[in-house]
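Read off the chains here:
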Amino acid sequence: MTRERVVSNLQQAAYILNLGAVILVAGSMAYSIFAIVDAMQAEMFLSLIRVRPWTPGAMMSISVAGYLCLVFFSCLGQLWDHKRRMVRLLITATEMFFCIGTTIAMNMNYNGLVLLVVADMVRGQKGSRQKVILGIAVVCLYTIVNYNLTGSYFNMIPWESYLICFGGSTQAFLKGLLSVFSSMNLVLFILYMTMLIQGEYRERERFQNLNEQLEEANKKLKEFAAEAEKNAEVRERNRLAREIHDTLGHSLTGIVAGIDACLTMIDISPEATKQQLIKIGNTARQGMTDVRRSVSKLRPDALEKMDLEDAVVKMLQDTGAASGTEIQFQNQVKPFKFHEDEEEAIYRVVQEATTNAIRHGHAKKIWIYISKAEQWLTIMVRDNGVGCDFIHEGFGLKHMEERLHLLDGTLEYDGKDGFLITARIPIRWGEEYQ
Amino acid sequence: MRYGGKRAVRISMITAALLLAVVALTAASYIGRQGQERVLHFGMMAGSYWDVPTGNCYEVVDAAISRFEEKHPGVTVEYVSGILKEDYPEWLAEQVLLGKEPDVFMIPAGELDTFVSLGILKRLEPLMGKDKGFEREAYYDAAYFYGSIRGGQYALPYESVPTLMFVNKTLLSKEGIRMPGADWTWNDFLSLCRQVTKDTDGDGVIDQFGCFDYGWREAADSNGAVLFDKDGKTSYFADSRVEEAVRFVKDLNAANEGYVVTAREFDKGQVAFRPFAFSQYRTYKPYPWRIKKYSDFEWDCVKLPSGPDGSGQTKLDTLLMGVSSRTKQEYMAWEFIKELCYEEETQLHLLKASQGMPVLKKAAQSPLLRQVLGSDTPGNGDMDVKVIGQVMEEAMETPNFRLYLSAMNLADGEIGRMINGDVSMDSGLLKLQREVNGVLK
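Going line by line, the protein sequences match chains A and B. When you number the first sequence by my numbering, it's gap-free, plus one each residue, and the end is 470. When you number the second sequence by my numbering, it's gap-free, plus one each residue, and the end is 658.
Everything labelled a hint here was simulated from the structure, so no lab data went into it. The beta-carbon is built from N, C-alpha and C at its ideal position, and this holds for glycine as well.
The following label-pair restraints were derived from C-beta to C-beta distances:
hint: 1; chain 1: B; residue 1: Arg340; chain 2: A; residue 2: Gly171; range: 40 to 48 Å
hint: 2; chain 1: A; residue 1: Leu222; chain 2: B; residue 2: Arg340; range: 41 to 49 Å
hint: 3; chain 1: B; residue 1: Lys223; chain 2: A; residue 2: Ser205; range: 40 to 48 Å
hint: 4; chain 1: B; residue 1: Tyr548; chain 2: A; residue 2: Ala94; range: 20 to 28 Å
In silico lysine-lysine, DSS-like type, Cα no more than 27 Å apart, as pairs:
hint: 5; chain 1: A; residue 1: Lys119; chain 2: B; residue 2: Lys223
hint: 6; chain 1: A; residue 1: Lys167; chain 2: B; residue 2: Lys223
hint: 7; chain 1: A; residue 1: Lys258; chain 2: A; residue 2: Lys400
hint: 8; chain 1: B; residue 1: Lys648; chain 2: B; residue 2: Lys532
Can you build the whole structure from these sequences, using the hints too?
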């Protein structure tokens with residue numbers, strides 16, 4: 037049998053057991069009134085209890101009806117356990133109402149119904165604040181339905197007074213029966229609670245396991261990522277070496293050899309040397325073209341495929357989407373078209389600054405602003421991240437700086453309020469207009 | 218498996234709902250059957266409430282019911298007849314347990330407190346407040362306030378019985394003594410008693426006496442002693458007025474020179490004074506009860522003599538009627554209790570057909586009283602009607618708290634011993650007061 041099935045069976049058993057107890061208590065009370073009237077003991081009974089009891093019919097029907105309502109709402113609470121908190125709270129309150137009502141209808145001579153409500157409340161509670169409320173509610177409920185505490189205040193009539201009309205052995209039997217009902221009810225409640233707590237414990241254990249696995253997987257993933265990066269770097273280095281060897285090495289070898297030939301030839305035949313130098317020049321040019329081509333392979337793929345503006349926007353969109361950061365990009369420079377090296381620098385600065393903001397600043401919002409003044413193009417990248425008082429290397433800033441220096445540009449940064457990077461690049465506008 | 222759990226819950230829920238419907242339908246059909254017709258139930262005891270012989274005990278009530286039914290067409294009043302006074306409390310308790318108590322009913326003597334604490338009686342002030350024609354000043358105070366307890370009015374008086382001093386006029390005139398007036402005192406009373414106590418036939422045995430049946434209770438009342446506080450939590454037996462009363466009774470008994478007077482001597486005309494309940498008075502003389510007693514003396518009634526601190530007050534015994542707190546016909550029940558307790562016609566009818574006094578001042582002071590009393594006492598008896606009115610007016614209300622009777626029984630025993638001289642009076646009353654307070658706590 038599964039745990040759920042056991043819990044469900046315990047609940048059913050508790051419902052039936054309590055129905056038995058309610059019928060026993062209310063029934064014996066109602067019956068005893070008729071018995072007392074038959075025995076002409078009414079005046080004595082009234083003077084003994086000092087309170088007017090309910091009529092037998094009302095006693096019986098209200099007790100049973102109240103109990104059935106309690107069961108109904110208890111079931112409803114289980115079916116609706118996914119509803120809003122207000123609804124669940126309302127159902128619990130209704131359950132408490134019927135619990136108190138039924139107990140009072142039975143003149144507080146059976147208070148086992150509280151356990152039903154408490155079981156429901158414990159099952160439904162979530163969070164520590166609710167635990168406090170639950171505790172208070174349980175204490176209140178117990179106080180209210182406890183005959184010894186509040187019975188005389190509510191003018192309740194003890195069961196013993198009703199039982200006087202029965203013979204001694206019948207009295208003993210009825211009392212024994214009720215105490216069996218009470219103890220059984222308590223046993224069921226304890227079992228139910230045990231199952232419930234066990235279930236909760238297991239659930240928590242399962243969560244913990246899953247969490248550990250997830251952490252493990254995460255760690256592995258990070259290692260993989262580092263490995264992959266390293267691999268890519270090695271591959272790239274190899275490719276660069278090959279390229280340099282194939283292009284620059286080739287050209288330089290040719291040039292060195294050519295120059296050596298020129299040195300030998302120059303005194304013998306200046307003409308031939310000139311011819312040779314033209315060849316060397318061609319080789320050098322060819323080498324330069326090759327280098328250019330090689331370098332162009334290092335350009336971001338996006339810049340190869342589309343123009344700068346689209347490439348930047350796409351890159352920002354991808355980064356923003358991947359990291360869940362809101363990125364605002366404002367560009368006032370139109371047309372946004374420069375030399376390849378300048379475009380690349382702009383692209384890389386924006387990319388690096390954004391990456392920094394997300395990775396180190398944990399920013400949720402990034403503003404990027406590009407403007408121009410005279411020949412200067414200014415890129416400002418600001419974020420709302422944690423910022424940084426003491427700026428150290430390794431943020432890719434060095435890299436950016438070097439890149440900008442190649443173009444005679446500057447880089448400034450400030451980590452006081454979020455992080456602000458200002459990059460300024462002198463653009464060769466003249467050439468642009470050609 | 219989760220589904221299996223939910224299914225079981227659903228089954229329980231549907232079962233509970235079905236059972237609930239069955240219970241609700243049963244209860245609804247039962248309640249529906251109950252409230253069909255407009256019948257007002259009335260609870261009354263047969264015979265005389267005052268323990269005196271009576272004729273048709275239903276005469277007044279029957280007449281009131283037919284008048285009521287005429288005024289309120291469509292409403293019928295039903296009562297169960299033949300429940301004797303001694304069975305009535307049990308019958309009423311049974312009806313209460315079964316939830317079938319009458320809408321309006323007589324309250325058995327001394328049970329008002331118990332009934333109120335049981336919550337059986339409806340508080341009447343709200344009904345009185347709504348009824349513009351109702352004025353509580355129409356009642357004698359002592360009668361009206363007997364129905365008031367725990368700060369509320371829970372019952373209306375129906376009939377009262379005052380206590381009067383019955384005077385053997387024949388004996389007094391033989392001794393050459395004038396009838397005492399309304400302002401006579403204990404001293405007058407004691408000296409008259411001493412004067413008449415003698416041996417008339419010369420056989421050496423006293424055969425003429427001053428009084429019979431005058432006890433410490435009458436003495437305490439007529440001396441203005443208040444024995445209990447309003448809530449019945451404290452007693453005042455050590456009060457000087459009680460002490461005076463006990464001393465007075467002791468003196469009176471001493472006047473009989475040790476002879477214990479009985480009702481026989483009184484019936485034979487050998488006793489000058491006897492405190493008498495009005496109901497006993499009504500049934501003492503008239504035919505056919507007169508025959509049994511062979512008395513052939515003329516008599517009259519006066520107020521009880523006043524003690525040094527009192528004015529001759531007596532207690533008023535009152536029969537109360539109440540409305541059930543569970544009545545479904547509150548308005549009709551109020552109208553009916555008014556028909557019995559507030560309608561002049563009913564109250565006047567009491568004069569003719571019952572043995573008590575009306576509780577309405579107007580009815581009690583009507584000229585009918587003289588007529589009725591005249592017919593009850595053919596020829597030889599006479600009565601000053603004004604005396605009865607005055608006694609009713611001055612009467613003290615009888616305490617109605619639950620333990621009153623037990624407290625008084627305890628006091629009777631103790632004070633009896635003091636009067637007989639078995640116990641010292643000085644410390645005895647204080648001890649009695651402590652004892653009674655212990656009972657009341």
